[in-house]
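Work the whole structure out from these sequences, hints included.
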Amino acid sequence: MGLHAVLQILIQGLNMGLIYALAALGISLIWNATGLFNFAQGDLLTMGGFVMLSTFAHLALPYPLAFLLTFAIMGIIGYLLSQGYFYPMFSQGLHPDIIIIGTVALTVLIQNGILLFWGPSPQRFSTPLGDNPVHLGKLIVMPYYLWNIAIVVLLVALLQVFFKKSMLGIAMRAVAQRPVTALLMGVRVSRLVALTFLLATGLAAIAGILIAPIIPLIPEMGSLVSLKAFAAVLIGGLGSFAGALLAGVIVGIAEVVFATLVVSTYKDVFIFVILILFLLIRPRGIFSANISEKV
Amino acid sequence: MTKPAYWKRMGLMAAVFLVLALVPLSGVPSYQFYILERGLQNLLVVLSLVILLGYTGQLSLGQAGLVAVGAYTYGILCVNYGLSPWLGLLAAPLMAGLVGVILGFPSFKLTGPFLVVNTIAFAEIVRILILNNEKLTGGPFGLNRIPTIVSGLRLYYFMLVVAWLAAVGTLRLSRSHIGLAFKAIREDEVAAESMGVHVRNYKLLAFVISAVLAGLSGVFFANLAGYLNPDSFTFNESSTYLLMVVLGGMSNVTGGILSSLAVTSLPEVLRFMARSRMVVYSLILLLLLRYTKVLQVENLRRWMRRLRAAPPQQGPAAGPGQAGDVAASSATAGRDKVTG
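So the sequences go chain by chain: Y and D. Just so we're aligned, residue 1 is where the first sequence starts under the working numbering, counting upward by one. Just so we're aligned, residue 1 is where the second sequence starts under the working numbering, counting upward by one.
There may be inaccurate statements among the hints.
[As the list claims (entries may be wrong)] Among chain Y residues calculated to face chain D with C-beta under 7 Å, some are:
1. ILE98
2. ILE101
3. ALA105
4. ASN112
5. LEU116
6. LEU227
7. PHE230
8. THR265
9. ASP268
10. VAL269
11. ILE276
12. LEU279
13. LEU280
[What the hints assert, rightly or not] Rough simulated footprint, nothing fancy, chain Y against chain D, three-plus residues with beta-carbon under 8 Å:
14. 115-126
15. 237-244
16. 271-278
17. 282-292
No wet-lab data here; the hints were simulated from the structure. Given the structure is predicted, the values throughout are model-derived calculations rather than measurements. All residues carry an ideal CB built from backbone N, CA and C; glycine is no exception.
This is the structure we're talking about:
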């Protein structure tokens, strides 16, 4: 196998990995802010993809506009979910397990909602770069791979600036680290938790937009994506953003490498076995987060 | 649980099963009757979760994987190897119990959400293995013509007796030293260990008992459907089981029985809504979860007392631990995060 074949596999894996990384980032954000594992993240991703299908493919809006609109719609849904559902459950002091089960029930709702609104058939749309393969020397690359990489790199840079420089981002990090202290410093915790949900859901929606050209959207794809994203979060180290990004990419590449070199039917099993091994041997993941223990 | 309360529960449960035993006499249409039978089959999974989650506090979203192990063990032994269904009935829960041991080991180290992810991964691995081992399991085409243990109405009564025995056993367990050890682990592992409870052994035991019950439910699933397909054992199934047990009050056996029957029949009750029924169904479940606190038996009782304009001070009967509800007891131990 030549070098260009290796590169080909790597690009493909990197793409899946970046998508898992975005979903994982959302899970990590919500975990940091509330201590909740949001099992609906993968389904919010699927829903984002389907909203984009409506705005971009059906309404024929220009790509950037449809993209932003999808981000906004899904962000608002995340905000409302937090304000109307999850935050009240937290403040009631419900057992955390019940709230986790709430996110699981949400996956059932979203999957059936998608089935009702968009039907069961697989859906696909492309990016502005089209579907004609690009020749880079000996390398043949689908243009949406390059597009996805560019978008995610841009997004991560923006997030970096947001969390380090903006008042809102700093407040979010404060809530993640010491919620009570943040409250005493005048941070409105409930609103910030809702904004975290907004951001996380928006990120999931973007991942859904990016996944559609690679894998056709189907209503029940979210469960598997969720699990891969959770694998990324836990392998990377719970609560660590860098870890979620890196491990997302690792999961994506490992999956594609295993599928091409070993056997494609067991690629998911491979990832889950790695996940379980990580949980057993190194539950803190690659990067253990530098925030307080939240168990 | 005090002794009279325990016998009250036994009586209540017996009454529920008596009503279920009388149902076939009333001439229910066959489809509705099938749903009832599925409810009984789900009841066994709910009991398995009452022990695992309600008593021991171990959250599992992999029950569908264990049900699949039970169902496929029975199916493969009876179809491919022509084993007698009665031997299959014995072998399948045993196999599920063995798999339960494997599932139980990670629980020594993992708690809460980590354990959940682990159990989901386990169930997915089981499903993918079934899907891809076509020679043994029929893969995506499924396993056909599975023989039943006994047929027709006899199967229903057989299931009813097994379910009743399992329910009585689960209730008795809660008062036995094993059940008390389970609950001690749920409340505080370190304290339990220091009181002489061997946490690892008891956790493993909880997983094995739970797996055996789930495997038994799998056998009944194979009997009822006569056909097995990996699509019947997805994440959605696992989450429905979990919802049933939470709505039943987690450690409340009678509540679990009623909620498994109710949640199983809910999609059928909503059938008149045609395509939107599953959305409505999941919305109802979400709302029920949102208001679990309100719906808890103790709170309802308190309201009833208030309505009857009883003396204003609360009686000691409403103390936590009486019903042993996880939610009630952990409300005080809840995280101080975000509640501010």
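Status of each hint after checking the structure:
1. Given hint, ILE98/Y at the interface with chain D, holds; its Cβ is 6 Å from that chain's nearest Cβ, closer than 7 Å.
2. At about 5 Å, the closest approach between the beta carbon of ILE101/Y and any beta carbon in chain D falls short of 7 Å, and the interface hint on this residue holds.
3. Nearest Cβ of chain D to the Cβ of ALA105/Y: about 5 Å, under the 7 Å cut. The hint holds.
4. With a least beta-carbon distance of about 4 Å to chain D, the hint placing ASN112/Y at the interface is held under the 7 Å criterion.
5. The restraint placing LEU116/Y at the interface with chain D holds, with a minimum CB-CB distance near 5 Å, inside the 7 Å limit.
6. Annotation: interface hint on LEU227/Y holds; nearest CB of chain D at approximately 6 Å, less than 7 Å.
7. For PHE230/Y, the shortest C-beta to C-beta distance to chain D is roughly 5 Å, which falls under 7 Å, so the interface hint holds.
8. At its closest, the beta carbon of THR265/Y sits 5 Å from a beta carbon of chain D; the interface hint therefore holds under the 7 Å criterion.
9. Checking ASP268/Y against chain D by beta carbon gives a least distance of about 6 Å; that is within 7 Å, so the hint holds.
10. Annotation: VAL269/Y was flagged as interfacial toward chain D, and the flag holds, the nearest CB pair being 5 Å apart, inside 7 Å.
11. Below 7 Å, beta-carbon pairs count as interface contacts, and ILE276/Y has one with chain D at about 6 Å; its hint therefore holds.
12. Interface hint status for LEU279/Y: upheld, as the beta-carbon distance to the closest one in chain D is roughly 6 Å, under 7 Å.
13. For LEU280/Y, the suggested interface contact is upheld, since its CB lies about 6 Å from the closest CB of chain D, less than 7 Å.
14. Here's how the stretch 115-126 of chain D fares: 8 of its residues keep a CB closer than 8 Å to some CB of chain Y, so the rule of at least three is met and the hint holds.
15. With a threshold of 8 Å between beta carbons, the proposed coverage of the stretch 237-244 of chain D by chain Y holds, since 4 of its residues qualify and at least three are required.
16. Here the stretch 271-278 of chain D counts 3 residues with a CB under 8 Å from a CB of chain Y, which clears the bar of 3, and the coverage holds.
17. Given a C-beta distance limit of less than 8 Å, the hint that chain Y covers the stretch 282-292 of chain D holds, as 7 residues qualify and 3 suffice.
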